[in-house]
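Chemist: Here's the letter readout for the chains.
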Amino acid sequence: MITELGHFALILAFLVSLVQMVMPLVGAHKRWPGWMAVAEPAATLQFLLVASSFAALTYAFVVSDFSLKLVYENSHSAKPMIYKISGVWGNHEGSMLLWVLILALFGACAAWFGSNIPPTLRARVLAVQSSVSAAFYAFIIFTSNPFTRLSVPPIDGTDLNPLLQDPGLAFHPPFLYLGYVGLSICFSFAVAALIEGRVDAAWGRWVRPWTLAAWIFLTIGIALGSWWAYYELGWGGFWFWDPVENASFMPWLFAAALLHSAIVVEKRESLKSWTILLAILAFGFSLIGTFIVRSGLLTSVHAFANDPVRGKFILYILLFFTGGALTLFAARSNVMESKGVFGVVSRESALVLNNILLAVSSFVVFVGTMWPFVAEMLFERKLSVGAPFFNMAFTPFMVVLGLILPVGAMISWKRGKLDRVLRSLAPAFVLAVALMGLVWAMQTGRSLMGPIGVFLGTWIVAGAVTDLIGRTGQSRDFSRLLRLPRAEWGKAVAHAGLGITMLGIAGLLAWQEEDIRVAQIDEPWTVGDFEFTLLSVNRVQGPNYNSTMGEVRVTANGREIAVLNPEKRVYPVAQMPTTEAAIDYRVMRDVYVVIGDPQDNGGWVMRVYIKPLANWIWAGAIIMALGGCLSLSDRRYRIAAGARKTAPAQGVPAE
Amino acid sequence: MKGITMRRDGTTSCILGMLFALMATVALAVQPDEILDDPALEARARDISAGLRCLVCQNESIDESNASLARDLRILVRERIMAGDTDEEVVAFIVDRYGEFVLLKPTAGGWNWLLWASGPGLFLLALVVGMAYVRRRSLASGAGDEGLSPDEQKRLDELLKGEEG
Chain A
0 MITELGHFAL ILAFLVSLVQ MVMPLVGAHK RWPGWMAVAE PAATLQFLLV ASSFAALTYA
60 FVVSDFSLKL VYENSHSAKP MIYKISGVWG NHEGSMLLWV LILALFGACA AWFGSNIPPT
120 LRARVLAVQS SVSAAFYAFI IFTSNPFTRL SVPPIDGTDL NPLLQDPGLA FHPPFLYLGY
180 VGLSICFSFA VAALIEGRVD AAWGRWVRPW TLAAWIFLTI GIALGSWWAY YELGWGGFWF
240 WDPVENASFM PWLFAAALLH SAIVVEKRES LKSWTILLAI LAFGFSLIGT FIVRSGLLTS
300 VHAFANDPVR GKFILYILLF FTGGALTLFA ARSNVMESKG VFGVVSRESA LVLNNILLAV
360 SSFVVFVGTM WPFVAEMLFE RKLSVGAPFF NMAFTPFMVV LGLILPVGAM ISWKRGKLDR
420 VLRSLAPAFV LAVALMGLVW AMQTGRSLMG PIGVFLGTWI VAGAVTDLIG RTGQSRDFSR
480 LLRLPRAEWG KAVAHAGLGI TMLGIAGLLA WQEEDIRVAQ IDEPWTVGDF EFTLLSVNRV
540 QGPNYNSTMG EVRVTANGRE IAVLNPEKRV YPVAQMPTTE AAIDYRVMRD VYVVIGDPQD
600 NGGWVMRVYI KPLANWIWAG AIIMALGGCL SLSDRRYRIA AGARKTAPAQ GVPAE
Chain E
0 MKGITMRRDG TTSCILGMLF ALMATVALAV QPDEILDDPA LEARARDISA GLRCLVCQNE
60 SIDESNASLA RDLRILVRER IMAGDTDEEV VAFIVDRYGE FVLLKPTAGG WNWLLWASGP
120 GLFLLALVVG MAYVRRRSLA SGAGDEGLSP DEQKRLDELL KGEEG
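From first to last, the protein sequence lines stand for chains A and E.
Residues in the first sequence are numbered from 0 upward in steps of one, following numbering that gives the first Met the number 0.
Residues in the second sequence are numbered from 0 upward in steps of one, following numbering that gives the first Met the number 0.
Take the hints with a grain of salt, since some may be wrong.
[Stated by the list, open to error] For lysine-lysine, the following BS3-like pairs were computed, each having C-alpha atoms within a straight-line distance of at most 27 Å:
| id | chain 1 | residue 1 | chain 2 | residue 2 |
| --- | --- | --- | --- | --- |
| 1 | A | Lys381 | E | Lys104 |
| 2 | A | Lys416 | A | Lys311 |
| 3 | A | Lys68 | A | Lys416 |
| 4 | E | Lys104 | A | Lys338 |
| 5 | A | Lys338 | A | Lys416 |
| 6 | E | Lys160 | A | Lys338 |
| 7 | E | Lys160 | A | Lys29 |
Please keep in mind that the hints were generated in silico from the structure rather than gathered at the bench.
Work the whole structure out from these sequences, hints included.
Modeler: Okay, structure coming up:
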């Protein structure tokens with residue numbers, strides 16, 4: 000019964016979304032306040048309906064109602080509760096329901112927190128947002144209904160893919176979707192502004208918090224996925240340039256570009272049409288990502304329904320919204336002339352370069368991802384584009400971005416003095432070069448990557464610190480830092496996070512050590528500075544799996560630093576084995592131990608990796624997200640939010 | 000979500016995927032018995048393997064993959080190295096048998112130059128357009144004015160207060 004109510008609520012939400020799509024748009028055009036006012040309650044109602052539909056599906060998973068096809072195919076009664084819940088979005092239909100839930104949530108948030116936005120613009124934003132929702136409701140209801148019943152309910156389910164039964168991955172999709180789908184509201188703002196025919200500084204200010212929020216979620220989501228790959232896949236890779244990873248990375252790059260260009264719109268009323276275009280592209284690439292994951296067009300390791308009918312439906316949605324928005328853009332972009340005047344050497348120019356690098360690198364990822372398909376369709380060549388291509392074609396742009404970042408971040412708006420910025424950055428540069436020289440001298444390998452990465456990472460982090468110190472003024476009054484706008488702190492923290500991630504990637508890739516061997520019980524072996532001993536191997540029974548668990552003692556200089564328990568698990572219901580690496584996490588390095596198969600003549604295959612700076616990759620990502628949060632909490636957004644009650648003392652902080 | 004093998008062609012893919020996955024994690028990537036005694040030769044084998052695609056998996060190199068076919072290919076690479084082939088000859092040997100699909104780094108031959116040139120090409124184009132834009136802004140009238148004009152400031156204040164229409 001609850002299931003049917005959930006299904007019904009979803010259909011009602013679809014109908015509400017149609018009303019919300021049409022009435023406010025007509026109202027805004029005809030200046031009918033009553034019709035425009037429909038948008039807000041409709042957005043709230045739509046959210047409540049989808050939320051109850053989602054709750055109904057979650058309930059079915061929690062109580063293991065195997066009369067539902069989806070629950071039967073993706074759950075099992077013996078599964079721990081957290082994975083019963085994460086099973087809701089661990090499949091195509093349920094994840095689409097989560098997708099529309101988040102769409103409706105962002106729409107509702109725009110309605111709740113958008114009281115300072117002019118009524119016509121608000122009505123149009125909510126209408127456009129609802130049109131996206133409507134398309135996806137139709138997609139779910141007509142091609143991917145999660146509420147399908149089975150005529151003969153089976154006794155038990157077939158279990159969720161064991162690789163997905165993991166805390167890191169349980170929360171990876173919701174964050175990713177919050178990011179992906181969060182960009183929809185930027186898209187709605189862009190299209191609404193095009194319909195309205197007006198883009199000004201205030202528009203930049205409204206759109207920026209949404210972009211920030213989406214980017215923060217996307218950053219966390221991607222970091223979680225990458226961290227999961229690192230510890231779960233058994234050899235510590237963290238990025239594979241898989242089509243589906245690329246699908247989440249492209250919107251991230253566009254969102255990062257959009258974040259920066261929206262600042263220029265807000266502060267300098269320039270780059271307006273480019274920013275609108277970016278907002279459209281960012282969400283367009285989210286849709287492309289959805290299409291790639293769910294159409295089966297590209298070969299990907301990510302398991303998801305790949306059904307041509309569904310693929311076609313999403314392709315139409317993609318073409319309609321991006322095509323429509325871009326057409327509107329072409330017709331209306333002439334109304335968005337730039338107002339700000341700035342010199343060639345200025346923050347504005349630096350941000351233009353930032354946008355060029357981010358957009359072009361995202362485009363490179365796009366071309367690389369789609370090329371196998373293009374080559375097969377047009378030139379009848381079956382070929383692959385894998386990690387080596389992306390490493391070569393993508394990395395140079397990030398290197399250039401890292402080089403200019405500290406300079407661009409410190410140069411003044413309008414008309415900057417390059418020599419002054421360079422002079423204040425000189426200590427940071429010297430430090431970065433010194434560290435580069437040090438690791439160059441210390442490393443034994445031939446790789447250039449380590450030293451270059453260390454240089455870039457140090458340069459960016461030290462640059463961010465220099466920027467903050469510069470804010471203390473001539474008198475070096477550090478109490479000024481406390482009064483600094485949060486956005487300035489956010490900028491420095493997020494940039495430093497990027498530097499830390501770069502340090503981590505360089506350290507891991509350049510100085511990783513690997514050892515593969517057959518280990519006998521109680522016979523120690525040495526890798527790098529560490530000595531390993533396999534003490535025992537035991538069979539352990541988990542809640543829904545059987546495990547072969549090794550016990551490995553790790554010592555350094557004769558002192559025990561850890562006892563690790565690498566596992567091989569077999570999930571009998573899904574008939575699938577997984578490897579569970581055991582990792583000793585430390586700040587400067589991880590020790591990563593994996594147990595393999597027993598050998599006929601005794602002993603076990605053991606793999607050991609020493610991974611320097613591995614944690615810095617994800618720590619950097621979390622610091623980036625933290626910087627985003629700081630920026631999001633900046634006073635100027637709160638002032639804007641409360642503008643009705645308390646008029647701001649001054650308009651815009653000029654800097 | 001690596002290791003979940005799915006094939007693009009058709010509905011039997013799921014079952015196949017499961018089978019591959021099952022075969023997959025039984026053995027783990029490079030096995031001790033595959034490793035060559037000479038570390039220099041082994042390092043070459045690893046480098047070559049990292050650039051070759053495991054054909055039954057998706058987007059994994061044979062160096063990372065657990066599938067049995069990947070193991071066969073790894074052994075083949077090492078056999079060719081032991082037979083005295085150069086790196087290029089080993090790769091050519093594998094490409095002859097399995098097609099250019101095995102190459103994770105596509106060649107620049109044929110229309111593939113477009114793939115390789117697209118990034119640098121677009122970057123140059125974007126630089127030219129960006130520079131033109133920046134130059135136009137720097138030459139625009141009123142260079143050097145301070146912040147928002149009084150009109151702009153007033154308009155912004157109004158917008159922030161929730162201007163109607």
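Chemist: Keeping to a limit of 27 Å between CA atoms, is the pair of Lys160(E) and Lys338(A) held or broken?
Modeler: holds, 22 Å
Chemist: Is the Cα-Cα distance between Lys160(E) and Lys29(A) 27 Å or less?
Modeler: holds, 23 Å
Chemist: Does the structure keep Lys338(A) and Lys416(A) at a Cα separation of 27 Å or less?
Modeler: holds, 22 Å
Chemist: Do the alpha carbons of Lys68(A) and Lys416(A) lie within 27 Å of each other, as the hint requires?
Modeler: With a Cα-Cα distance of about 65 Å, the restraint between Lys68(A) and Lys416(A) is violated, given a limit of 27 Å.
Chemist: Next pair to validate is Lys104(E) with Lys338(A); report whether the Cα-Cα distance is within 27 Å.
Modeler: violated, 45 Å
Chemist: For the pair supplied as a hint, Lys416(A) and Lys311(A), is the alpha-carbon distance within the 27 Å limit?
Modeler: The given pair, whose Cα atoms are some 53 Å apart, is violated under the 27 Å limit.
Chemist: Quickly compare the C-alpha distance for Lys381(A) and Lys104(E) to 27 Å and report which way the hint goes.
Modeler: Given pair Lys381(A), Lys104(E) holds - Cα atoms ~13 Å apart, limit 27 Å.
Violated hints, in rising order: 2, 3 and 4; the structure is consistent with all others.
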